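Visitor: Chain by chain, the residues:
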Amino acid sequence: MGRYVARRLLQMIPVFLGSTLLVFAMMYALPGDPVRALAGEQTVDPAQIAAMKKDLGLDLPLWHQYWNYLTGLFQGDFGTQIASGRPVADIISEAFPITVRLTLFAFAFTVLVGISIGVFAGLKADTLRDRALLVLTLLLISVPSFVLGFLGQYFFAFQLGWVDPNVSVEASWDELFLPAVVLGSLSLAYVARLTRTSVAENLRSDYMRTAVAKGLPRRRIIGVHLMRNSMIPVVTFLGTDLGALMGGAVVTEGIFNIKGVGYNIFDALRHREGATVVGIVTLIVVVYLVTSLLVDLLYAVLDPRIRYA
Amino acid sequence: MRGAAPVTRAACALAVALTAASCGGGSGAGAGGPDGVLSSSWGDPQNPLEPANTNEVQGGKVLDMIFRGLKTYDPRTGKARNALAERIDTTDSTHFTVTVKDGWTFSNGEQVTAKSFVDAWNYGAHLKNNQKNAYFFEYVEGYDKVHPASGRPTAETLTGLGVTGPLTFTVKLSQRFSTWPDTLGYAAFAPLPRAFFDHHDAWLAKPVGNGPYEVESYTRGAQMSLRAWKGYPGSDKARNGGVDLRVYTDGNTAYTDLVSGNLDLVDDVPAAQLKNVRADLEGRYINAPAGILQTLSFPYYDPAWNTPGAVKVRTGLSMAINRRQITETIFRGTRTPATDWTSPVLGAAGGYKAGLCGRACAHDPAAARRLIAEGGGIPGGRLTITYNTDTGSHKEWVDAVCNSINNALGNDRSCVGSPVGTFADFRNRIGRKKLTGPFRAGWQMDYPLIQNFLQPLYYSNGSANDGRWSNARFNELVNEANADTDTSTAIRTFQRAEEVVRDQMAGIPLWYQNGSAGYAARISHVELNPFSVPVYHEITVR
Chain A
1 MGRYVARRLL QMIPVFLGST LLVFAMMYAL PGDPVRALAG EQTVDPAQIA
51 AMKKDLGLDL PLWHQYWNYL TGLFQGDFGT QIASGRPVAD IISEAFPITV
101 RLTLFAFAFT VLVGISIGVF AGLKADTLRD RALLVLTLLL ISVPSFVLGF
151 LGQYFFAFQL GWVDPNVSVE ASWDELFLPA VVLGSLSLAY VARLTRTSVA
201 ENLRSDYMRT AVAKGLPRRR IIGVHLMRNS MIPVVTFLGT DLGALMGGAV
251 VTEGIFNIKG VGYNIFDALR HREGATVVGI VTLIVVVYLV TSLLVDLLYA
301 VLDPRIRYA
Chain B
1 MRGAAPVTRA ACALAVALTA ASCGGGSGAG AGGPDGVLSS SWGDPQNPLE
51 PANTNEVQGG KVLDMIFRGL KTYDPRTGKA RNALAERIDT TDSTHFTVTV
101 KDGWTFSNGE QVTAKSFVDA WNYGAHLKNN QKNAYFFEYV EGYDKVHPAS
151 GRPTAETLTG LGVTGPLTFT VKLSQRFSTW PDTLGYAAFA PLPRAFFDHH
201 DAWLAKPVGN GPYEVESYTR GAQMSLRAWK GYPGSDKARN GGVDLRVYTD
251 GNTAYTDLVS GNLDLVDDVP AAQLKNVRAD LEGRYINAPA GILQTLSFPY
301 YDPAWNTPGA VKVRTGLSMA INRRQITETI FRGTRTPATD WTSPVLGAAG
351 GYKAGLCGRA CAHDPAAARR LIAEGGGIPG GRLTITYNTD TGSHKEWVDA
401 VCNSINNALG NDRSCVGSPV GTFADFRNRI GRKKLTGPFR AGWQMDYPLI
451 QNFLQPLYYS NGSANDGRWS NARFNELVNE ANADTDTSTA IRTFQRAEEV
501 VRDQMAGIPL WYQNGSAGYA ARISHVELNP FSVPVYHEIT VR
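Quick note, the sequences are listed as chains A and B, same order. According to my numbering, the first sequence is numbered sequentially starting from 1. According to my numbering, the second sequence is numbered sequentially starting from 1.
In case anyone wonders, no lab produced these hints; they're calculated from the structure. All values derive from a computational prediction rather than experimental measurement. Where a beta carbon is used, it is the ideal one built from N, C-alpha and C, also for glycine. Warning: the hint list may mix true and false statements.
[Claimed, not checked] Computed beta-carbon distance windows for the label pairs:
{"#": "1", "chain 1": "A", "residue 1": "Tyr4", "chain 2": "B", "residue 2": "Phe197", "range": "52 to 60 angstroms"}
{"#": "2", "chain 1": "A", "residue 1": "Leu138", "chain 2": "B", "residue 2": "Arg468", "range": "57 to 65 angstroms"}
{"#": "3", "chain 1": "A", "residue 1": "Leu17", "chain 2": "B", "residue 2": "Asp390", "range": "26 to 34 angstroms"}
Using the sequences and the accompanying hints, generate a full structural model.
Guide: Below is the structure:
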């Protein structure tokens, strides 16, 4: 187990280097000059642009810039924004807590509601309530999140007045409720469907019949025997979904005025702030890697037949 | 404002039940009267808030509140008035003597002296400080030494500036420029306290100035709280307790907050909301002219556009565009068809002359077709209009302009838009001088003078002359106007220069842009100045 984890952690190093290099090269290849764009419609003299590029190290070749970035990274320096001159670490430390909160909220919502719906439907497969829940999840999958966001804003904030339409600077838990529900609803549909199918399938398996024949109480049959085996595909999905929720909240964050990671990536891309994009994307890659490791370890917990040497 | 109070309470009940989080009041909780604080929408300025480094409107908003320069512009007429300047004397439009008013201090108590200005200007002009507005000092003697076009600077300070007393300094310009004192209301000319130079990082985190407001706190990317400075010596004291500038991800979210009662002022109503705005806000909506002119510029480095025939083609294109229809249907009256190359905010006395463009800006498809044919047709056979898609709603109007041109020429393929993804790339392409067709240009004035609408854009090698247009007669008239000590004759000469622009159709004027703002019922006396920035210090809170 320990050796397995160590090996997986070591494997993260090339993935980490590769992904930063890729993102870095892509930012480099994008058309447009971020230093030039700072001046707006005015023509700045070339001397000033050259001086600024030299200060920022943007006049160096790609490999040299990447080398500087990497060496800086290992000393805990995420680089500096071109326009504002702010350390990227500042931006990350402001944006990440907000996004982590939003993601955890959305994630909790997905897990609790999604699995409940799935089990509820799967236990009575092909009945009316199963069909109704399938239609509901199909609806959630087919409606884009921004439609859901605006609809939620319209009904809950403007018509019913239950919540504020936008999230303020503090981004407190109560304000994040609606955005989290919107953000989590797509994953919720997938989780519900996955759970439902795997519960329905496992209900028909031999070990379930054995458990029933042994005379175990129903609560224990469903809660332990059925759930534990049915959760493996769901956990796989949830693990990768956590990363997707973090990076993919651009639209939701935009609608609800949340200044999290998604908004900052979008903003940085628009202004071609290479260091900011690479820094944030790198962190999301790390989150992905760690959650997928956790998922693999969870398999062993869920299915005792799986062992890691 | 549909039942704002019960809204928050219900939300709190729900929130407490769910997460037991505390439920603070929104902006509605603030006190009213002269101590009332209002909240206003904001975009985080990309660049640090140094006066000589801020060239966009969001940072400019703050500088306008925390600084006062030698001059200020009247919020209604745009005329330059003395603020910190006791007087600015000249006999030859080249040598100026500036006397600063006594008794002004920065909000940290430091005296505003002649040195506060000279140090600030030297800082702004020097190449090593990378200030984006450095070119504002290009008329001061010695600029080419501290900010050479290439190579290293050979001097530390501008030779044209000299402190002659605690409150007097002299300025020597490198050329005659009679209206130069009127440019001094621009933020780049603001005085700076010693703290700016001695504790630069601390100053940037919490700027200190000499305006009616002082910065209370500043959280990058989120909010800036400004409070009225009680010791402000000027006559334009703040009539409210302060302003909270809040950063919004985009105009629509700010507008939603305004409608739901969580925000007091939005100073840019998004185009998509224009059709609802009057009903949503019950008339609390302003649509006032701003000093912004949208034009189509041409690449004169391409020889095909630099022929006598091309003049006719450009004039024809200008006549093919149905400006009235586009401003009414796409912009819903927030832009007005242009009939000259300046802006209505200058006023007739300042050089604005409605109808100066004459027939060349009137919609006349038949004449347009004839002129374009006479001029030898569109160079290359097809017009491509280059624009960027990430700011404003340029696609809509470029397509509409092309539509106008196609209709006039009876050919569906004679004009197409050429979108560029980002502003950075758009500027890059313009800078590389490889374009073969017109490109969009929006000019927002720096100071309300006719000179600012003509010289940077059309003078040979002007700071914003992206198309590299060059005309000896135009240059001559601009020089003559700048040298004239009498303002009204100078303005008339500028208008003659503008006529050269018209006769050559150096750029096609499209429309004057208005500023728009919506506000909540708890504030009043909201106005936009000619720079489309709300006049914050005059707003009162109920």
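Visitor: Determine for every hint whether it applies to the structure shown.
Guide: Hint-by-hint comparison with the structure:
Between A:Tyr4 and B:Phe197 the beta carbons are some 58 angstroms apart, a value that agrees with the proposed interval 52 to 60 angstroms. One distance hint, 57 to 65 angstroms for the beta-carbon pair A:Leu138 and B:Arg468, holds here, with the actual separation near 59 angstroms. A C-beta distance of roughly 31 angstroms is found between A:Leu17 and B:Asp390, which places it inside the suggested range of 26 to 34 angstroms.
Checked against the numbered hints above, the structure violates none of them.
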